[in-house]
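> Note that the protein sequences, when read in sequence, are chains E and H. The working numbering applies: residue 20 is where the first sequence begins, and numbers increase by one. The working numbering applies: residue 2 is where the second sequence begins, and numbers increase by one.
Everything labelled a hint here was simulated from the structure, so no lab data went into it. There could be a bad hint or two in this list.
Said to hold, decoys possible - Straight-line alpha carbon distances no greater than 27 Å define the calculated DSS-like cross-link-like pairs of lysine-lysine that follow: (1) H/K58 with E/K153; (2) H/K58 with E/K765; (3) E/K153 with E/K92; (4) H/K58 with E/K92; (5) E/K198 with E/K277; (6) E/K533 with E/K704.
Values in this document were obtained by computation on a predicted structure and should not be read as measured data.
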Amino acid sequence: MKLPSPPWNGFPFNINFRSHARAIRLTVLVLLLGLSGYILYLDITIREAFEGRKFALPARVYGRALEVYPGLKLTPAQFVDELKAVGYHEDPAPEAAATYRYTLNGFEFTTRDFVFGDGLQAAQHLRIEFAEGKVSLLQERGSADVALPLLRVEPPLIGGIYPGHNEDRALLKLEQVPKPLIDALVSIEDRKFYSHWGIDPRGIARALYKTLSGQRIEGGSTLTQQLVKNFFLTSERTLTRKGTEVLMALLLEMHYGKDEILETYLNEIFLGQDATRAIHGFGLASHFYFDRPLERLELQEIATLVGMVKGPTVYDPRKDPELVLQRRNIVLQEMVRLEAITQAQFVEARQKPLGVIHRAPTGTSAYPAFLQLVHRQLQRDYREEDLRSEGLRIFTTLDPRVQRQAELALSQRLADIEKARKMPMQTLEGAVVVSSTQHGEILALVGGREARYAGYNRAVDALRPIGSLAKPIVFLTALEHADRYTLVTPLDDSALVLKQAGTSDWKPQNYDHKYHDQVQLRTALAHSYNVSTARLGIELGVDNILDKLPLYGIERRPPSFASSLLGAFELSPVEVAQLYQTFADGGFRTPLRAIREIVTADGRPLQRYPLNVEPVAAAAPVYLLTNALQGVVREGTAQSLGNWLPAEMNVAGKTGTTDDLRDSWFAGYTGDRVAVVWVGRDDNKPSGLTGASGAMTVWGEMMKNIEPEPLQPEVPEDVELVDVDPASGLPYDSKCSTAVVIPFIKGTAPTETTTCADVANILPTDESPVIATEVKPEVKPEVKQAPEKSWLQRLLN
Amino acid sequence: MNRYGLLFISALLLAGCASVPTQPPATYSQPETVPQEPLPPLPGEGVIVEPEPEPVKSGNPAVVALLDRAKSDSGAGNRGAAGASLERGLRIEPRNAWLWHELAQLRLASGQYAQAISLARKSISFAGGDRRLQAVNWRVIGNARVAQGDSAGAEQAFKLAAEFEPAVPAEQPETGLFGNP
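This is chain E alone, in the form it adopts within the complex:
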């Protein structure tokens, strides 16, 4: 039999291959080997992608845990807010973790297991009651109720430090994901998810048929396939692409369990776009569309998100709410059909509006400014990749209640001021820092009037001249020289021209453009006289004063010019808070802290930031300074603070105003809070506000709502309180109704005495003197009117 001649170049084909069949077999084998290689390549690729997502655990940042005990000032409304903020649900039988129910005088509730820095706090069944604005009873419920001295409520999660490049994420563990979400997702996207092995052949067949028959190219993807698609985001839809996707889905299912795949899916799926930022995962989408963590979404809101999976660009609730609403209701319909929800739940959910917030927040945290401060502190101590991936748990000092009042006061007051002064809206900006007096814990940090939106963090990054806020440093230095200066020492407030090397002549002016001849030291501070302060500072030595700044925790060194004594140097609001902390805390410096401790993902304490104090100024002069700063509020430049806070609060504070009314400052303290407010403009143009007409009004509004403790510092042993004649500063030789009580370091009160001017004013010696106030200075009318305006505005609104 003649073999067929060589088909082409005479190569003796028949020598190596006996038949076509063998040739085909070999070709197929080569192809298969190639395919195996390709599959191996795909396998490595998909596993890398999957592992990369799966094991990156962001640091979780918590606010302070509310400590509840009988006697605590707390209302039922505040308490239930706190429970809701940590995801508690109302339940008629509150025996499951994180449930509560109202009782006649309070609540019955059950806490969760929670691992704090000092170990596990197991779930407890509790009862709480309130009376007269306080916690009146705290009990553990059981066969016999037991009084509980103290409860630490789980702290609110205030943000995270997430992995990723341009991707933001709020990573969820599967157990955190509400069951209705999983039900809805499986119902609408992939009913056979728990039984298939990565692909749904019928779905694929249907898709293939439609594609090949020229109808539109369609999905038919399982959740696993969708996940694969999301790893390698591309809108390309070809059969090759589909083939790769199918292979990868099969591979994924071989390596990982359903729960792992589902958890990754929930964290991975694309759910929207915010300018350059891709919104991945349900955790972040929940913040992005509803401004709440996923755990706190309602059924219809969950259905909305699930509905959007189909195509978040088309189903964008901000662009086409009607379409998204329809889609949501289809999801609900499907859920009720598969009996994932009851008919009643369906009917209720379907009636609800979409509820998507109008403008997306810029991050996952409601407190971007505070979180940024925390992040910066962490970056000093940790590697960035550990923060983003090791699942550290970070316990911070943020008090959401104080934060809320600080945010509200700033945004409302600035809007009110703009309206009242007919300024263009949104021209003013501001920042607030609140800390606890004795512990230096930062309770609130507001970086701008739109506190919810991350951006320029003025509380930390805005460096502004501090103006008269610097004066207490000068006065404290003076009072530390007790042999030379007391609160009543007369100071020279006459015109001053200072020639200094390296700068032009300096002629400080008072705000009222007048000179006041001789004024008592306390009066010079109360009315913030520039000239007498400058003379006092020069007398003490400019460098002697400025050299003390590091003691009070201020690292920046202002230039050695006398003008620095009047605050011609820049600090950020948080630095000013550090400065005033020492005055508020009786001369003890406590470094401001935002973090208490860090715990590893498995609950091991990693690091504590313990409370540290250092005595940097003697108690007596600081007590005198505080007394003078109380004078600022009682009778000086901050007198109109009385519109917000009662006189009994005894607030100590200082206004600050810089040249051409650019910066408006107020720094002050109560018994338990130190707070600093800055108001001005980002472009540094004049704001037209003094410290009293701008920042102080924010401070007052905020403090009024925080309900601080009155300021009653301990009288140091070496201080005595003396009744003096307010005009001369001399002690009276008898009790007199016009007397003011002034503290002196023992032995420094003037030896000369004066007689009560009017016999009618002489009091029986056993009666306490009435503290008379000095002649009140004129208060700028707009300041007085400000609260009325805001009241009127509220009415009109």
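Fit chain H to the given chain E structure using the hints.
Showing chain H alone in chain E's frame:
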């Protein structure tokens, strides 16, 4: 063709069976700049003479509970947790001089002498007329100064401690208590 199908599936399985790499145990880079916590305890540390009977350190049962917890944590050698409990107490009662004193004691026991002194001073600033508190705080300061090698300062502190509590003769800790030469 069946054979090729098998080959295909085995290729798939081959890839699939490749073991999932086990995640390396998470390691934490200890921050370099962070102050290291407690120094190893020196013999005799934390032995502060506490006069009998126990004073009432707080009228608030919540604070009393935290003081108890701090005591048991400290007894179990967990000074970090003890400090956290005392700080919780101070957040409830920021002016409680006993809490500040306990914190000073804890820092002394941890070998953080400068902080022990500062915190004892802070306690004194809230002690008012309580001579006993003044005395125990001066004793903390004295012991911390001994450990710092400031024998003159220590002597002064112990003298003050004795002045504030003449009724209970202060057990003058021998200078050797902290291994002082």
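> Assess, step by step, whether the Cα of H/K58 is no farther than 27 Å from the Cα of E/K92, and give holds or violated.
holds, 21 Å
> For the pair supplied as a hint, E/K198 and E/K277, confirm whether the alpha-carbon distance does not exceed 27 Å.
holds, 15 Å
> Checking one constraint from the list: CA of H/K58 to CA of E/K153, max 27 Å. Satisfied?
holds, 23 Å
> Are H/K58 and E/K765 close enough, with their CA atoms no more than 27 Å apart?
violated, 31 Å
> Regarding the pair E/K533 and E/K704, is the alpha-carbon distance no greater than 27 Å?
holds, 26 Å
> CA of E/K153 to CA of E/K92, is that 27 Å or under?
Between E/K153 and E/K92 the Cα gap is close to 4 Å, so the pair holds against 27 Å.
Of the numbered hints given earlier, the model fails hint 2 alone.
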